[in-house]
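*Asks:* Assembly of the complex is requested from the two constituent chains, each provided in isolation within its own frame, with the hints serving as guidance.
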Amino acid sequence: GIQVEQSPPDLILQEGANSTLRCNFSDSVNNLQWFHQNPWGQLINLFYIPSGTKQNGRLSATTVATERYSLLYISSSQTTDSGVYFCAVGVTGGGNKLTFGTGTQLKVEL
Amino acid sequence: EAGVAQSPRYKIIEKRQSVAFWCNPISGHATLYWYQQILGQGPKLLIQFQNNGVVDDSQLPKDRFSAERLKGVDSTLKIQPAKLEDSAVYLCASSLETGKYFGPGTRLTVT
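Residue numbers (my numbering), protein chains in the order written: chain A, 1 to 110; chain B, 1001 to 1111.
Next comes chain B alone, as it looks inside the complex (with noise of 0.2 Å):
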């Protein structure tokens, strides 16, 4: 079985630019999250999905971030523009039940 597929796996752009992550979560699986991994921190939750609808955006910065999973399969993550504190790991991470799965994660620098 594929796993959580995520690209890029690194990118290195300069405060006020805008990125863009993608995900392709484990084939079936209808639940899809974006987390942030701050170095030393634990994972936190951005977004989550549930087939093509936001169940749970509360902690998604909504001025600068948006996401989306148009087709209720894979989904993308935006920033723009992008500050200093925006430099970390985006892990996307799907489930069909219980047990979460994620991918290998963005690392993202900001300079």
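Pulled out of the complex, with its shape left as it was, chain A reads as follows (with noise of 0.2 Å):
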């Protein structure tokens, strides 16, 4: 099956600092999609962004699907970004199945 891979594994900014959050999938996708996981567990759909760029108050996703990658930007963090940031991925004939990465552990401090 399609393999789907997340860096950095964990990281920790200082409040207001800027990060990338990177995404690579071993196989064509038709549906890629960033969740942000809450540390209550609730799992958040951030974008539905199989191909190009968009952009969502302080976050914008990136995905070149020629390229099998998607980047996730998150500018001027806060502490309530904190949690974990999953990509998950669809490939053609899945039948709407995702498989998620194993996301990246963002911790915002002070």
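Any given hint could turn out to be false.
So the derived label-pair ranges between C-beta atoms look like this [unchecked claim]:
no. : chain 1 : residue 1 : chain 2 : residue 2 : range
1   : B       : Ile-1038  : A       : Tyr-69    : 23 to 29 Å
2   : B       : Thr-1109  : A       : Ile-44    : 20 to 26 Å
3   : A       : Gly-93    : B       : Pro-1081  : 32 to 38 Å
4   : A       : Ile-12    : B       : Gln-1080  : 39 to 45 Å
The set of hints was computed from the structure by calculation and includes no laboratory data. From the three backbone atoms N, C-alpha and C, an ideal C-beta is built for every residue, glycine too.
*Replies:* Written out as structure tokens, the structure reads:
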């Protein structure tokens, strides 16, 4: 099956700093989503982005499907951004099934 | 718009006991998923329903796990008998076309 690797596995930021999270995948995808899992375990859908660039407030994401990677940018980080960020992908013929990466654990400190 | 609802939020059982989880998806979402998330890992799909039919249950341990969505709306996931390695968060999600929306999960501890 498709492999999804995320980097870095852990990240500690000072509040106000910017960061880039990376997701590499091993095969062509027709679905890519970024999720934030907050410290209480709730998974929140950030972006549906199988290709191109999207922005939502301080967050933006870019997927370069031909090169099999996606980036999530967090600007002016806040303590509420802490948690785990997951990239999840789906493949053609996969019936909407998402395969999740191992996540990036982010901690934003004051 | 109400989100995906799950209950209970927490459950502690002894091994070999049975347990059931309930999920009510977002209204109008035809597709419903159950995921298992073991601590430190990403969620893993257990089963996917399209309305009341099973689309994918290839990763469901069918000797002990079962799930149903009889009326195409809410769903139950059952484990019988539970093993220690079943300790995890069980997440329900629903989707209309593209984005998935997850419920708060049920944290299961098997002792």
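*Asks:* Run every hint past the structure and note whether it holds.
*Replies:* The hints, checked one at a time:
Here the CB-CB span from Ile-1038 of chain B to Tyr-69 of chain A is close to 26 Å, well matched to the stated 23 to 29 Å. Checking the proposed 20 to 26 Å range against Thr-1109 of chain B and Ile-44 of chain A shows it holds: the Cβ atoms sit about 24 Å from each other. Between Gly-93 of chain A and Pro-1081 of chain B, the C-beta spacing of about 35 Å keeps the proposed range 32 to 38 Å intact. Between Ile-12 of chain A and Gln-1080 of chain B the beta carbons are some 42 Å apart, a value that agrees with the proposed interval 39 to 45 Å.
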